[in-house]
Amino acid sequence: MSYIRPNFRHPELQANELGYARKDYEGSLSTLCAGCGHDSISAAIIQSCFELAIPPHSVAKISGIGCSSKTPTYFLGKSHGFNSVHGRMPSVATGANLANRDMVYIGVSGDGDSASIGLGQFAHVTRRNLNMLYIVENNGCYGLTKGQDSATADVGSASKKGVPNPYEPIDLCTMALQLGATFVGRSFSGDKNQLVPLIKAAISHRGFAFIDVISPCVTFNNTVQSTKGYEYAREHMAATGKMDFVPVRQEITADYEPGFTHEITLHDGSVVHLYKQEPGFDANDRNQAIRTLQAYKQKGEILTGLLYIDPDLEDFHEIQGTVNKPLRDLGATELCPGSRSLEAINSNLR
Amino acid sequence: MKPTNIKHPEYFHKVVDCQYACPAHTPVPEYIRLIAQGRYDDAYMVNWESNVFPGILGRTCDRPCEPACRRGRVEEEPVAICRLKRVAADNKVKDDIAKRIPSKPAKKNGKRVALVGAGPASLTVARDLAPLGYELHIFDAQKAGGGFMRSQIPSFRLPEEVLDEEVGYILGMGPVARFDTYIDSLQSLLEQNYDAVFVGSGAPRGRDLKNLPGRQEGAEHIHIGIDWLGSVAFEHTKSIGKKVIVLGGGNTAMDCCRTARRLGGDDVKVLVRSPFADMKASPWEKEDAIHEDIPIVDNHVPKEFVIEDGKLVGMRFDKVRAEYDSAGRRNLVPTGEDPVFFPCDDVLVAIGQENSFPWIERDIGIVFDKWGMPVLDKETFQATNPRVFFGGDAAFGPENIITAVAHGHQAAISIDLFCRGEKPSRRPAPGVTLVSQKMGIHEWSYDNQVDDDLRYKVPHADKKLSLLDRKLEVELGFDVATAFREAERCLNCDVQTVFSDSRCIECDACVDICPTDCISFIENAEEEALRKSLKIPANNLTQDIYVSGALKTGRVMVKDEDVCLHCGLCAERCPTSAWDMQKFLYEVTKAAPLCNV
Chain A
1 MSYIRPNFRH
11 PELQANELGY
21 ARKDYEGSLS
31 TLCAGCGHDS
41 ISAAIIQSCF
51 ELAIPPHSVA
61 KISGIGCSSK
71 TPTYFLGKSH
81 GFNSVHGRMP
91 SVATGANLAN
101 RDMVYIGVSG
111 DGDSASIGLG
121 QFAHVTRRNL
131 NMLYIVENNG
141 CYGLTKGQDS
151 ATADVGSASK
161 KGVPNPYEPI
171 DLCTMALQLG
181 ATFVGRSFSG
191 DKNQLVPLIK
201 AAISHRGFAF
211 IDVISPCVTF
221 NNTVQSTKGY
231 EYAREHMAAT
241 GKMDFVPVRQ
251 EITADYEPGF
261 THEITLHDGS
271 VVHLYKQEPG
281 FDANDRNQAI
291 RTLQAYKQKG
301 EILTGLLYID
311 PDLEDFHEIQ
321 GTVNKPLRDL
331 GATELCPGSR
341 SLEAINSNLR
Chain B
351 MKPTNIKHPE
361 YFHKVVDCQY
371 ACPAHTPVPE
381 YIRLIAQGRY
391 DDAYMVNWES
401 NVFPGILGRT
411 CDRPCEPACR
421 RGRVEEEPVA
431 ICRLKRVAAD
441 NKVKDDIAKR
451 IPSKPAKKNG
461 KRVALVGAGP
471 ASLTVARDLA
481 PLGYELHIFD
491 AQKAGGGFMR
501 SQIPSFRLPE
511 EVLDEEVGYI
521 LGMGPVARFD
531 TYIDSLQSLL
541 EQNYDAVFVG
551 SGAPRGRDLK
561 NLPGRQEGAE
571 HIHIGIDWLG
581 SVAFEHTKSI
591 GKKVIVLGGG
601 NTAMDCCRTA
611 RRLGGDDVKV
621 LVRSPFADMK
631 ASPWEKEDAI
641 HEDIPIVDNH
651 VPKEFVIEDG
661 KLVGMRFDKV
671 RAEYDSAGRR
681 NLVPTGEDPV
691 FFPCDDVLVA
701 IGQENSFPWI
711 ERDIGIVFDK
721 WGMPVLDKET
731 FQATNPRVFF
741 GGDAAFGPEN
751 IITAVAHGHQ
761 AAISIDLFCR
771 GEKPSRRPAP
781 GVTLVSQKMG
791 IHEWSYDNQV
801 DDDLRYKVPH
811 ADKKLSLLDR
821 KLEVELGFDV
831 ATAFREAERC
841 LNCDVQTVFS
851 DSRCIECDAC
861 VDICPTDCIS
871 FIENAEEEAL
881 RKSLKIPANN
891 LTQDIYVSGA
901 LKTGRVMVKD
911 EDVCLHCGLC
921 AERCPTSAWD
931 MQKFLYEVTK
941 AAPLCNV
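Residue numbers (the numbering used here), protein chains in the order written: chain A, 1 to 350; chain B, 351 to 947.
No wet-lab data here; the hints were simulated from the structure.
A couple of the hints might just be wrong.
These stretches of chain A come out as covered by chain B in the derived footprint (C-beta under 8 Å, 3 or more residues) [said to hold, decoys possible]: (1) 5 to 15; (2) 30 to 37; (3) 40 to 51; (4) 186 to 200; (5) 229 to 239.
Glycine included, C-beta positions come from ideal geometry on N, C-alpha and C.
Just need the whole structure built from these sequences, with the hints factored in.
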C-alpha cells in the first residue's frame, strides 16, 4: 500500500532563491481519484510558489467543501490552511486578509462551492477587490456526491449517467468580469505551460485575481458527451495568446520572442509579457473580454489564457483605508486606544 | 525519436543497472527480495545458477554492480549488494542446497573435455557442462581447486571452508580433478583425443622490477606478491621481517600488506607510484588496510633497493606528482625533491600480473598476438585452433572472479555447440519474462515503498585478535535483521514501468506524482533535443529515455530512466492502467538448465 511518497527527489533539482527545495512546497499524498485534474492544479500551485520563492509560512490556503476544497492538503504543507464551511471560503479569506494584509491568500473552490451554494459570497468578494488568488477547479459536476451536474455544466453535456444537462450554465469568468474582478483568467489543468505563469501572475497581482480552471473529473465526467472532459477540453481549447511572467527580481532582457505584443507591469514591479495575442484583443478592456468569451462560447470553443487585467485599481484595504500593517504588528495602545477615543467616536455619532 | 522497443531484451536489462553491470548478469534485485523474505536457500540458488560462487563472491567480488546501483544516484551510497549475497550464503541450509544441486548424470554423452587450471573459469565450464554428460578432466598444479581464489586471496578475507564448500559442489557433479598436475604441453593434451580443451590457467606471473638497482643482491628478501601469497596460503611461508614495504596500489598489494601484518610485520607500509585516488585497489580494501595501521604512501616511484653489507636495508624512492593532460591522461612528473629512503627488512612486489603460456606450443594452430595473448573470438572464446577455448584471466588478461565466471558460461556454451557439431557463433538468446505485479489499486506484489535508510556497515572482528590470526575472518557479515534493513534499500529496478500509449488519456497524473520528475509529455523530436526539453533535462547519457508512440494530442510520453525509483506511483495514479509495474527477469542462457529456483 503506498500512501507515502518516497522522499528522494531528482538530484539536479535546484533550490529557489530563498534556499527552499520544491519539496518544501509539497503537501501530503493526494487521496483524490487517480487522474483527477485537481492534482495537476495542485502541482501547478506548488511549482508557482516554488518559482516565485514565496516563504511557505507566509501563505494562507483557504477552501470550502468539495473535492476541490480537499486539495489544499495536497500542496504547501508548511503553509497556513483553513478548510471552511461550504461556499464560505470568501468570508474566511476576507477576515484573514483584513487581519494580516501581508500574507499571500490562495482560495481554492470548486464549481459547486462557488457557482451553487457560494454564489453570493463569490459575487461579493469579487466586487470588493480583495487581494487574493481565487481558483475554481471546475469539473462541471459534484464529484464528492457521485457526479450530479453542477451549475457550470453546459447545456447538452452529459456525465457518466448519460443524461444531457438541460440548464444554462453559469460562466464564472463572465460573472467575475461583470462584478469588477481586476484579474480574470481561464485555463485547463492539463496545460501547465499556460497555468503556471497564469497562477504566478495572479499571485503577484494586487487585488482580486480569479482563475477558472477546467479540471476534468475522471470518475464521473470524462465521457465523450461531456464538455469538461480531457479530450473535449484539448480539442476545443483556444487561447487569448501566450503569456510569460517575469518576476521583479529578474532583469528583463530585451530578447523577446517573435510575436511579442506588449507587457503589463504589476504593482510589485513584476511584468506580464503577452505574445501572439489574438488580433485586436486587449487584456485591459473589460467589455471586450466579456464579448470575446461570449463569441467563443457560441463557436463551441473554450477561451483560455489571461482574459482581463487592471493592475492599478484600489484593493479592499485601500478602499477601506485600513492600517497598512498586519494587526499582529500593532501595539496594545494602537489596538485598544482607550475610553477617550471611544467617547470621541460615540459623540460623532450623536 | 522512434518509440522505444521494450520487447528488445536489452532495453529493460539496461534499466536493472546492477544486473547489467555484472559480467555474469546475476539477477540482483530478484535475490535481494528473496533475502528480505528470509528465503536464503532460494536466494543462494539464484546466485549459484548465475555466478557459481555466491559465498566466495559475497566476500571477495570486485562488485561492479555497486557503482552502477541506482541508489547511488539518488543518495550517497549504493545498496550493499555484495554483502547481501554473503547473507544468502551464510544463512542457507547446506543440506537443502546439496539436494538442489544437480547430481552426476546417469548417462554420459561420450564427449571428453580437458580443462587446464581449476580456477573460477574452469570450474564454471565444468559445472555448466557436467549435467549434459560430458566427461570432464580438470588439471591444476595446486593441491586443491580454486586457483587464485585459493592461492591469492588470504583466509582472513575468504575462509577455506567457504572455498572448499563451493568448489566441492562442482566436483561433486562429476568432473574428475587431477591436482598437483602441471600441464607442460598443450600438444600432448590435444593428442589424448579430447573433444575440446578449455584453458583457464589464469595470469600466473607477477610483474617484477628486474632492472632496479639492488634487485639481484637483495633477492632473498624481495618477493613477488602473488607468489608470496600463494606460499603463505599453502603454509610454506610462515613469517616475514618486522619492517615491510609493499610496492603497488592494487588489491593484491592490499592483500600482501594485510597478510604481512599477520605474519610478524609490525611496520608495514604500502608505497605506490600513483596518487591515492587513482589506485586500482577497491576503496573498501584500502580502508581495511589503513584500519590495520598500514600507511599508504602515494606518489613515490621506486628508485633502488638499498643494500648494505650484502643485505637489503631499505628502498629509495623518487617523489612525483600527477599531471593530467587535456585528454585526461596521467603523467607522473618528478617534483625535483631529494629521493626518500624507507628502511625495511622485506619487500613485496605487487605491481601487477601477466599472462604466460610457456606450456603452449606455438606450432599447434593457436595464433598469439604481439602481446603474447591468444587470438580469440570475443563472443565464443574459441582460439584459432577450433578445439581450444580460453576463459578467465587467460583469455584477455587479468580481470576478476566474476568476469572469469561470465567467460566460463559462454565458453561452456561454445564447447557444447562445438562438440555437437554446431557453430559456436550461434549464441542462444537470453531468457526473458515480463509479468505484471498488480494485485489491487494500491497493492503490488513487490514492496514498492522506498526506504530512507542509509547504507549499513558490516561489522568487523576485533582488530587485535584478527592481526594475531591469519585465518580469522575480518568481516563478520550482516546479521539477519540488518540484512533485512539493507535489503529494503533496494529500489527493485527490475520491476519495470511499462507504458501502453493506446490507454493513455494524457491526464498528467503520473507527471504530477512522480517524485523524481522522470515523466514528460511533449512534442517528439530527435533524441538530443528531446533530452533537453524534458521536465528535468536527461543529462545522464548512459541512461536511456523511454519514448512512447504518438498519443491522441500528437505528443509522446518520454520517461528518463536515470533516477526512476520504481515506486510504482505513476501506475497507482494512472486512471486507465496505461502504466503498469511489470517484473522483468533476464537470465543469461547456460549450456544446460541447472536447477529450478
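Hints, verified against the model:
1. 5 to 15: holds (count 9)
2. 30 to 37: holds (count 6)
3. 40 to 51: It holds, with 3 qualifying residues against the three required.
4. 186 to 200: holds (count 3)
5. 229 to 239: holds (count 3)
Checked against the numbered hints given earlier, the structure satisfies every one of them.
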